[in-house]
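Engineer: Numbering-wise, this note's numbering comes out as the position in the sequence shown, counting from 1, plus 4.
Since the hints were derived computationally from the structure, they do not count as laboratory data.
One or more of the hints may lead you astray.
Straight line, CA to CA, 27 Å or less: simulated DSSO-like cross-link-like pairs of lysine-lysine [to be verified]: (1) Lys71 - Lys86; (2) Lys75 - Lys58; (3) Lys75 - Lys61; (4) Lys29 - Lys39; (5) Lys71 - Lys84; (6) Lys39 - Lys28; (7) Lys39 - Lys50; (8) Lys71 - Lys61; (9) Lys39 - Lys22.
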Amino acid sequence: MAGVAVGVQIGLLIAPEKGTDTRKKLTKKGEEYLKDINGQIDGLLKGMNEKMDKMNKNIATVAEETKARGKELLAEAKEKTK
Numbered sequence: 005m006a007g008v009a010v011g012v013q014i015g016l017l018i019a020p021e022k023g024t025d026t027r028k029k030l031t032k033k034g035e036e037y038l039k040d041i042n043g044q045i046d047g048l049l050k051g052m053n054e055k056m057d058k059m060n061k062n063i064a065t066v067a068e069e070t071k072a073r074g075k076e077l078l079a080e081a082k083e084k085t086k
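Could you put the whole structure together from the sequences, leaning on the hints where they help?
Structural biologist: Shown next, in the form of structure tokens:
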């Protein structure tokens, strides 16, 4: 993607147009690329957040199950020592 952006910019720079027109085109292309990159980053962050939420829920579930099993073992141990 970066190579395409550089190629477009070089093409615009060597094109036989007025400088103001070339700068406008470069600015527009730069904004388009920035928007595209921001969208990709947003998607990546959203996916990472979803995975972190799922992992946190799994950790909470395992913690609760471990706590419950610990209580069961403690109750069994107390029963056996009577």
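Engineer: Are the hints correct? Go through all of them and say.
Structural biologist: Evaluated hints:
{"no.": "1", "hint": "Lys71 - Lys86", "in the structure": "holds (23 Å)"}
{"no.": "2", "hint": "Lys75 - Lys58", "in the structure": "holds (26 Å)"}
{"no.": "3", "hint": "Lys75 - Lys61", "in the structure": "holds (21 Å)"}
{"no.": "4", "hint": "Lys29 - Lys39", "in the structure": "holds (15 Å)"}
{"no.": "5", "hint": "Lys71 - Lys84", "in the structure": "holds (20 Å)"}
{"no.": "6", "hint": "Lys39 - Lys28", "in the structure": "holds (16 Å)"}
{"no.": "7", "hint": "Lys39 - Lys50", "in the structure": "holds (16 Å)"}
{"no.": "8", "hint": "Lys71 - Lys61", "in the structure": "holds (15 Å)"}
{"no.": "9", "hint": "Lys39 - Lys22", "in the structure": "holds (26 Å)"}
The structure meets every hint from the earlier list without exception.
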